[in-house]
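2 protein chains.
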Amino acid sequence: MSVIGIDLGGTKLISAIFSEDGEILDVRKVLLHGKKGNEVSELMQSQLKSLLTIGDSSADQVRAVGISVPGIYNAGSGTVWVPNIDGWDNYPLLSELSETIGGRKIDIEVAGDRACYILGETWKGKARGCQNAIFLAVGTGIGAGIMIDGEVVKGPGGIAGAVGWLALNKPYEDKYIPCGCFEYYASGDGLTRYANELLSLQPDYSGMFRTREVNAYNLFCAYDDSDEIAVQVIDNAIEYWGMAVANLVSILNPEVVIFGGGVFGEAVRFLDKIYQEAVKWGQPIAMKQVRLEASWNAEMAGLYGAAKLAIGYDDNLSE
Amino acid sequence: MSVIGIDLGGTKLISAIFSEDGEILDVRKVLLHGKKGNEVSELMQSQLKSLLTIGDSSADQVRAVGISVPGIYNAGSGTVWVPNIDGWDNYPLLSELSETIGGRKIDIEVAGDRACYILGETWKGKARGCQNAIFLAVGTGIGAGIMIDGEVVKGPGGIAGAVGWLALNKPYEDKYIPCGCFEYYASGDGLTRYANELLSLQPDYSGMFRTREVNAYNLFCAYDDSDEIAVQVIDNAIEYWGMAVANLVSILNPEVVIFGGGVFGEAVRFLDKIYQEAVKWGQPIAMKQVRLEASWNAEMAGLYGAAKLAIGYDDNLSE
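Taken in sequence, the protein lines are chains G and S.
Residue numbers for the first sequence follow this note's numbering, beginning at 1 and rising by one.
Residue numbers for the second sequence follow this note's numbering, beginning at 1001 and rising by one.
For reference, chain G alone in the conformation it holds in the complex (with noise of 0.2 Å):
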């Protein structure tokens, strides 16, 4: 038997299948380039067909799907909440694609990205082996996949993870009312928003952001130039990364704490810096148990995490 994946990216799209120990049979990968409501779906749809084609010919028949999605899925209604996506919502991702699996007996599981980030890494990344382990994906926004006693926890509202909102610096301030305190300044966006509130506050630099473009990246680079603002956010956001990280792991003692996102990509060199920073506020034995670690395959493990999905047909990710 086999197992079909789909990852749906904010850009891209990439569906396999897989053998059940995890052999990628046949893989397709497509880029969105701005689809919105039924486009993404029938784009969906059209991968999944023909990778159903490529099972029915086969001796290894598939027996379930299982699909990552850039939000939150809503077992109870089959619909999913995708902000990044127009129309998408409340969108009725399940029976759409039960549709196009019709009479054949195939299980449909769908699950938020940040629960297959950590299936994918427990499965075949980083954290193989382990019960306890998260995943803390840093984008455009920060969410994070948890696993614990070897089960993804969702909560009761499909919330879990919102780790974008911690509360990591008094006092409130009203400009973490879009995104939490954590996102604010710490996330992709964030990077580049608190760069440019230092920016308006700093009349007097005169270094390179006064004329080429501030985003994530530049400030990346720029850090390695010495450049004051770049240092100041960067170092910034290890300080924020760190208290999260210490957080996450007085709360809830896990053995692994992987990194992944488009920021982890270039931040992965601060990794020892980050754990600097965690160990003087965390719980000391438990930051002792805990390794820090960057994501095994930011380009696949959403992917490797839908097919376990598929694979291991999680009660509790059902429900």
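Because the hints were derived from the structure by calculation, they are not lab data.
In this text the structure is predicted, and so the values were computed from the model without any measurement.
Don't take every hint at face value.
If you want the footprint, here are the derived chain G segments under chain S, 3+ residues with CB under 8 Å [stated by the list, open to error]:
# : region
1 : 54-63
2 : 149-159
3 : 170-181
Examples of chain G residues toward chain S, derived with CB under 10 Å [claimed, not checked]:
#  : residue
4  : Val27
5  : Gln131
6  : Thr140
7  : Ala144
8  : Ala162
9  : Val163
10 : Gly164
11 : Gly242
12 : Ala244
13 : Ala246
14 : Leu248
15 : Glu255
16 : Val268
17 : Leu271
18 : Lys288
19 : Leu292
C-beta: ideal position from N, C-alpha, C; glycine also.
Use these hints to put chain S onto chain G, whose structure you have.
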């Protein structure tokens, strides 16, 4: 059949026989009076013996014993670490109680008090029917009992719930080394500590704490008289309690957070203010889904939790 629950606190020992549905059939309570090492174990054994005798002569035979300790239980070695009892660094509690049990076929379960508090509250208290609930114990120190999907979270090292170490206000200060940032300001000892810190920083203050003893109880009384030290200390703690709630809710999306421990008590009247602080910081939907409660029964929640430990025989806790 029946079970025995034993709740060891820092100053007293309570034991009871329970029917399977949670009715107390017989209860014993005794103060520790500064007992240490063996003496505490002997006291526990004598209560256990006395309750076993009742069980032996009744139709409701005892089938299991659950024990709550104010520290950490190492199930591998059957030893407990209880910082507030002299000589209980690595104390062989399980083997001593097994001897008391003798030839009877009775299971013994031991767990930390945080785990027992949340078990008691989900069984008989303010979290009845909840699968996802947190007990925040604010006494001399701060810790949390966390239940996710019906299982108590302990972490691979048994340290989960060490929320006194939450990082809530940067930059880091060395004074957090012994206990963590959250506990430094917002535990019972923390309230006193911060008040003394403010007293030394505010030489112009001429209020009641120039003569009256600084302790949590007096600070709560003085708060009502708008004493400026008390107001700063308590308002500061409310901010921290709110941030901690927000962080637990954003990470875990629980149905309820229950406040207990020596400080709540007095601080229960601030639950609304704590919620108002938390709702500013936390993930907005998750904050709408959670309610804050005071412990159902501060005196007995741990005892009921110990009994539930015996009844439920939770593999997760007995590893």
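How the hints compare with the structure:
no.	hint	verdict
1	54-63	violated (count 0)
2	149-159	holds (count 9)
3	170-181	holds (count 6)
4	Val27	violated, 33 Å
5	Gln131	holds, 7 Å
6	Thr140	violated, 17 Å
7	Ala144	holds, 7 Å
8	Ala162	holds, 4 Å
9	Val163	holds, 6 Å
10	Gly164	holds, 8 Å
11	Gly242	holds, 8 Å
12	Ala244	holds, 8 Å
13	Ala246	holds, 5 Å
14	Leu248	holds, 7 Å
15	Glu255	holds, 6 Å
16	Val268	violated, 22 Å
17	Leu271	violated, 18 Å
18	Lys288	holds, 9 Å
19	Leu292	violated, 16 Å
The earlier numbered hints that this structure contradicts are 1, 4, 6, 16, 17 and 19.
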